[in-house]
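K.L.:
Next come the chains, spelled out residue by residue.
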Amino acid sequence: MAKYKVCLVEDDPDVGAVVEMILKDYDCEITNIRDVNSFRMLADKVMPDLIILDLMLPGINGFEICQYFRNRAETADTPILAFTGYDSVDNQKKIMAAGATDYSPKPFDIKSFKFKVKKLLKISDPLE
Amino acid sequence: MSIRKKLILAFSGLVAGIVIIAGILFWLGQKGNEYLSTALRAYSEMVTVREIQFSIDKQWKSFNFYLILGETEELNNFNEFNNTVQVKFNEWQLLARDNRDVEAIAKVKLCYNDFYSMATNIIGIYKQGKRELVLVMVDTELMKLSDHVIKEVKSLVEEKNQALQKSQQKMAGLGRMSVTVSIITSIISLVWSMIMSLYIFRSIADPLLVLRTGAKLIGEGNLDHKIVIKSKDEIGELAEAFNGMVDSLKTLQLQVIQMDRMSSLGQLAGGVAHELNNPLTGVLGQCQLMLEKVPPENPMHASLEKVERAAQRCRTIVRALLDFARQKDYIFVETDVHGLIDESLGFCQSDLTSAKVVVKKNYGLNLPKPKISSTHVQQVFLNLITNAAQAIANVGGGVLTITTMVIDKIEDNGQRKKFVVVSFRDDGIGIKKENINHIFDPFFTTKDIGKGTGLGLTVSYGIIQRHNGEILAASNGERQGSEFRVMLPC
Numbered sequence: 001m002a003k004y005k006v007c008l009v010e011d012d013p014d015v016g017a018v019v020e021m022i023l024k025d026y027d028c029e030i031t032n033i034r035d036v037n038s039f040r041m042l043a044d045k046v047m048p049d050l051i052i053l054d055l056m057l058p059g060i061n062g063f064e065i066c067q068y069f070r071n072r073a074e075t076a077d078t079p080i081l082a083f084t085g086y087d088s089v090d091n092q093k094k095i096m097a098a099g100a101t102d103y104s105p106k107p108f109d110i111k112s113f114k115f116k117v118k119k120l121l122k123i124s125d126p127l128e
Numbered sequence: 001m002s003i004r005k006k007l008i009l010a011f012s013g014l015v016a017g018i019v020i021i022a023g024i025l026f027w028l029g030q031k032g033n034e035y036l037s038t039a040l041r042a043y044s045e046m047v048t049v050r051e052i053q054f055s056i057d058k059q060w061k062s063f064n065f066y067l068i069l070g071e072t073e074e075l076n077n078f079n080e081f082n083n084t085v086q087v088k089f090n091e092w093q094l095l096a097r098d099n100r101d102v103e104a105i106a107k108v109k110l111c112y113n114d115f116y117s118m119a120t121n122i123i124g125i126y127k128q129g130k131r132e133l134v135l136v137m138v139d140t141e142l143m144k145l146s147d148h149v150i151k152e153v154k155s156l157v158e159e160k161n162q163a164l165q166k167s168q169q170k171m172a173g174l175g176r177m178s179v180t181v182s183i184i185t186s187i188i189s190l191v192w193s194m195i196m197s198l199y200i201f202r203s204i205a206d207p208l209l210v211l212r213t214g215a216k217l218i219g220e221g222n223l224d225h226k227i228v229i230k231s232k233d234e235i236g237e238l239a240e241a242f243n244g245m246v247d248s249l250k251t252l253q254l255q256v257i258q259m260d261r262m263s264s265l266g267q268l269a270g271g272v273a274h275e276l277n278n279p280l281t282g283v284l285g286q287c288q289l290m291l292e293k294v295p296p297e298n299p300m301h302a303s304l305e306k307v308e309r310a311a312q313r314c315r316t317i318v319r320a321l322l323d324f325a326r327q328k329d330y331i332f333v334e335t336d337v338h339g340l341i342d343e344s345l346g347f348c349q350s351d352l353t354s355a356k357v358v359v360k361k362n363y364g365l366n367l368p369k370p371k372i373s374s375t376h377v378q379q380v381f382l383n384l385i386t387n388a389a390q391a392i393a394n395v396g397g398g399v400l401t402i403t404t405m406v407i408d409k410i411e412d413n414g415q416r417k418k419f420v421v422v423s424f425r426d427d428g429i430g431i432k433k434e435n436i437n438h439i440f441d442p443f444f445t446t447k448d449i450g451k452g453t454g455l456g457l458t459v460s461y462g463i464i465q466r467h468n469g470e471i472l473a474a475s476n477g478e479r480q481g482s483e484f485r486v487m488l489p490c
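In the order they appear, the protein sequences are chains A and B.
65 is the number that my numbering gives to position 65 of the first sequence; each next residue is one higher, with no gaps.
361 is the number that my numbering gives to position 361 of the second sequence; each next residue is one higher, with no gaps.
Chain B extracted, bound-state conformation (with noise of 0.2 Å):
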C-alpha cells in the first residue's frame, strides 16, 4: 500500500473517530436535555401539587378555626385560599402533558370542588346557627372529603416526586454514560492514533534508514549493494530508482575505468615502446651487421638469423604498442565499407583457404558511406578475419557470416545517432566467459605462445575509439562460436 493511502486511511480513520465521538456526545446531550425537561416539569408539577396540598391544608384549619371562633377573618382566609388552589390548579393543568395528567387533575379538582361546596353549604348552615347539624355534617360528609381529597394530593405528590427522582436516576446514568463513553471513545482514538502513527512511521522510517545505510554503503564506493526494500510504496520506487541510477553507474564506472586503464596503458605502453627501441636498435643493427659479415656457410649466420627474427618480432610487437599509444595518420573520408571488407577478406584468402572457412556475406542495401580512416578500419577487420579464421581452423572448419546493416542509437543526451554496423560471426572455438572481459586487455591471449601479441583487439579497440564507434564481442562460451560487431558512426 502507498504512503499516500496509508496517510489517507489514518486519516480517515481518525475523521470517522471524531465523528462517532461527536454523534454520541450529541446523542447523550439531547437524551440529557429530555431527561432535564421532564425532571424540571415534574418538579414544578411537585411543587404545584404541594402548594395545593398546603393550601388545602390552611383551608381546612381556617374552615376549623372560623367553626370554633366565628371570625370573619379565617371565613375570608377560607376563600382566599379557595382561589389560591383554583389558580394553582390552573397553573397545573398548564403544565399538564397528556390525558392522564389532565384526568388526575380533573379527579383531584372534582374532589376538591366536591369539598370546597360541602364545606360551603357547612358554613351557610353554621350562619344560621345549627351547630350540631354542623358537628354532625362535619363529622359524617366534609371529614370523609377532606381525607379524600388530601389523600389524592398527597399520592399525587408522592407520584410527582416519584417521578423527579426517577429524572434524576436517570440523569446521573446518563452523567455516567457520558463520562463512559468519552473514555472508552478516547482510549480507543488514542490506540488507533497510536497504531497508525507506529505503522506508518515505521512504514516510512524504517525503509527510510534502509535507503540511508545503502546510499551511504554506495557512496563509501560500494557498486554492488543493493537496496532492498520489500514494500511497493513510494519509498520501495525510490530505492528501485535507486538501484537502477547505482547500475548505470556501475557501468558507467567500468567503462570509465576500461578507458582510464586502457589510457594509462597507453602512456606505458608508448614510454615503453621508446625505451625499448633503442636498445633494439642496437641488438637489431649489431645483429644484421655480423651478418653481412659472417658467410651463410658459418653455423654462426643461423643462429644470427634466429636472433634477428626474435628482434624483428621484438619491433613488431613495440610498434604494435606505439600504434596503440597513439593512433596515428588518421585521415577520415566517406568510405565504401562492403569494399573494404571484400579488400580485407582478399588479403586473408590464403588463411581462410588454408582454415576451412567458408564466408557467407549477409550485406545490406544502401549502407550509407561513413567517414572513417580506412587503412585503420581496415587493420580492425583483418584482426577480426583473422581472429575468426585461427578459431574456425582450431574446430577444423566452418562459417564466417558478415552481416552490415544501418542501426539508429539513442545516445545518453537523448540524440539520435546513426551506426554502420559489420558483424563478424563464426562458428569457431568461441570465447570462455571468464575470458570475455579481458579480450580487448592489452597481452591477453589464448593463442599459442608466439602465435598473437595479445594486443591486436587492443589496438582494434584504440582505432574504433578513435572512430568515436564500439567495437563489442559475444560469445555463449566456449566451441560455441563468437560474434565481433564493429559500429562506426555514419
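The following block holds chain A by itself, in its conformation from the complex (with noise of 0.2 Å):
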C-alpha cells in the first residue's frame, strides 16, 4: 500500500514517464488519465493525495478538468499543480482561477518540481 495516491492528468508517455520516476521515490501510487476517455471512467473513482494536471488534454482541456475536481466533494481540497508546454501568463492566471494550488511550465528543472511535489504532498522537508 503506498503512502501517497497521485492522479497525473497527462496525455504524452515522455513527459508521464519522467514524472512517475519522480514520484515513485516518494512511494506513490499512480493513476494516470491520458485522454477524454479514461477521465470519463476514472474521474469520479478517484481519491488522489495531488493531482499533476496537464492543460491540454485530447477532447478536454485542463480547465474543465481542474473544476470538475474542484466541484467534486472528495477532491475539492485535493492539492493540484498544473503544468503545461504552453507556458503563459494568461494560462497560468486562468488555472489558478480555476482553483489549481501552484503550477509548473513544462520542460521544468526536476529540482523544482520535486520542490513543488515535496510541498504539496506536505512531505516534511521540501528542500531535503
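Source of the hints: derived by calculation from the structure; they are not laboratory data.
Hints should not be assumed to be uniformly reliable.
[Said to hold, decoys possible] As a list, the in silico DMTMM-like pairs of lysine to aspartate or glutamate whose alpha-carbon atoms are at most 25 Å apart: (1) A:Lys24 / A:Asp109; (2) B:Lys293 / A:Glu29; (3) A:Lys111 / B:Glu275; (4) B:Lys293 / A:Asp25.
[Stated by the list, open to error] Derived list of chain B stretches under chain A, where covered just means 3 residues or more per stretch with a C-beta under 8 Å from a C-beta of chain A: (5) 275-281; (6) 287-300.
Virtual Cβ for every residue (Gly too), placed ideally from N, Cα, C.
Fit the two chains together into the complex; they arrive one by one in their own frames, and the hints show the way.
P.N.:
Now the structure itself:
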C-alpha cells in the first residue's frame, strides 16, 4: 500500500514517464488519466492526495478538469499542480482561477518540480 | 504639350481656317457683285444705244419715205423718232458713270443734233418744192451726217457689247476662282482636321492604351511594372501618379507580407514550441534524473551533462519562439528611456569590455517618457547592445554611439505622432546588402553555429510592434558599421 495517491492527468508518455520516475521516490501510487475516455472512467473514482494536471488533453482541456475536481466533494481540497508546455501568464492566471494550487511550466527542472510536489504532498522538508 | 493646349491649338486652327474661307468667299461675293453691276450697266447702256441706233435708222427711213412719198404721217414719224432718240439720250445720260461717258454721249448727241437740224432744214426746203436742191443737200450734206451718226452709234454699241462680254468673262473667271478657292480651302481644312484629329487621337489613345495595359498588368499582381509615358501632358502626369500609387502599394504589400509572415510564423512557432516542450520535458527530466543517480566520476556523467546542456539550449530556443509567438506580460508604464539604456549597458558591461567597445552617449534633452513595457523594451536594448558588441568584436574594437531624440512623424491618416527614437550605431562588421532585408526573419543569423538563435531581432521586432513602434536597420554594407533605430510612440 503506497503512502500517497497521485492522479496524473497527462497524455504524453515521455512526460508521464519522467513524472512517474520522480514520484516513485516518494512512494506514490499513480493513476494516469491520458485522454477524455479514461477521464470519464476514472474521474469519479480516484481519491488522490495530489493531482498533477496537464492543461492540454485530447478532447478536454485542463481548466474543465480542474473545475470538475474542485466541484467534486472528494477532491474539493486536493492540491492540484498544473503544468503546461504552453507557458503563459494568461494560462497561469486562468488555471489558478479554476482552482489549481500551483503551476509549473514544461520543460521543468527536476529540482524545482520535486520541490513543488513535496510541498503539495506535505512531505516534511521539501528542500531535502 | 498638354492635351488642353493641343485641343485649343486644333480648335484655333479650325476657327482660323473658317474665318479665312469666309473672308475669301466674302471678297469673291463683293467682287462678283461689282462685276455684275458693271455688266448690268453695260447691258443697259448697250440696249439704250441700240434703241437709239434703231430709232435713228427708222427716223432715217421715215425721212426718206417722206421725201419720196410726201406723206405727212412719215413726217410725224420722223418727229416722233426724234422725241424717242432724245428720251433715250436722257436715259443714257442717267447711266453715265464718268466724264468719258458724258463726253461720248455729248459727242453722239451733237452729231445727231447736227443730223436732225440738217434734216429739218431739208424738210423745210422740200416743203418749198425745191426737190433738186433737196436731193443735192441730202446727197452732199445729210448722207454724211447720217453715216457719221450711225457709225458713232454702232461703234458705241460695239464698245458696250465688248464691255458686257468683258464683264461676263470676269464673272465667269470669278466663278471658276470661287470654285477653286472653295475646293482648295476645303481640302486644306479637311487635311488640317485629319492631321489634328489623328495627332490628338494618337496623343490620347496611345498613352491610354499603355496605361490600360499597365493597369491590367499591375492589377494581375505585377507590381514591378512601370508605366512609361514620355509625354508631359495630363496622361503623363496620370501615369506618374499611377506609378507613385503602385510604389506605395508595393511598400504596403511588403509591410503586409512581412506582418503576415510574422503572424503566421508566430502561430507556427507557437504550435511547434508547444509540441516540442513535451518531448523536451522527457529528455531534460530523464537526463536530470540520471545525473542525480550517476556519480560525477562516472564518464557517463560528463556525457549526460552535455545532453542536459543541449536540452537546456533547446528549452531556451523554444522559450524564445514562444515569446515571439505571443508577446506576454506587457505592462505599459511611463518609463525613463535613458535609465533603461544605462541599466542595459550595465548588464552588458562585461561583454562590452571584452569586445573593446567604447560607448558614446548622445542623449537628447528633456526626452519625454513613453509608455512602454520596460522589461520587453530592455530585452530589445540588450539584444541590440549585444549584437553591436559582437559586431565590434569582429573588427577588434570600436565605438557604439547611442543617440536619443524626439521626432514628429506624420502618419498615413495625416495625424502627427511623436516618437522617442533610440539609435544604436556601431562601427563594427556591418550587414551585407543581401542580408539587410532578412535580419528580422526568424532563424536568420550570421553568427557562428551555437552563438545565435536567429531569433533575437525577430523577438525585438515583435516587441516593438506590440508598442506600435518601429525598429529599423541600416548599414552601408560589410565592414561599414550598422545602425539600429528603435522608435517608440509617446
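K.L.:
Next, verify each hint and record whether it holds.
P.N.:
Okay, the hints, checked on the actual structure:
Restraint check: the Cα-Cα separation between A:Lys24 and A:Asp109 comes to about 17 Å, which is no more than 25 Å; the hinted pair holds. For the suggested pair B:Lys293 and A:Glu29, the alpha carbons sit about 22 Å apart, so the restraint of at most 25 Å is met. Proximity of A:Lys111 to B:Glu275 is assessed by CA-CA distance (about 23 Å); at most 25 Å being required, the pair is judged to hold. Proposed proximity of B:Lys293 and A:Asp25 is supported: the alpha carbons are some 12 Å apart, at most 25 Å.
Beta-carbon proximity to chain A at under 8 Å applies to 7 residues in the stretch 275-281 of chain B; the threshold of 3 is reached and the given coverage holds. Requiring three or more residues with a Cβ within less than 8 Å of a Cβ of chain A, the coverage given for the stretch 287-300 of chain B holds, as 3 such residues are present.
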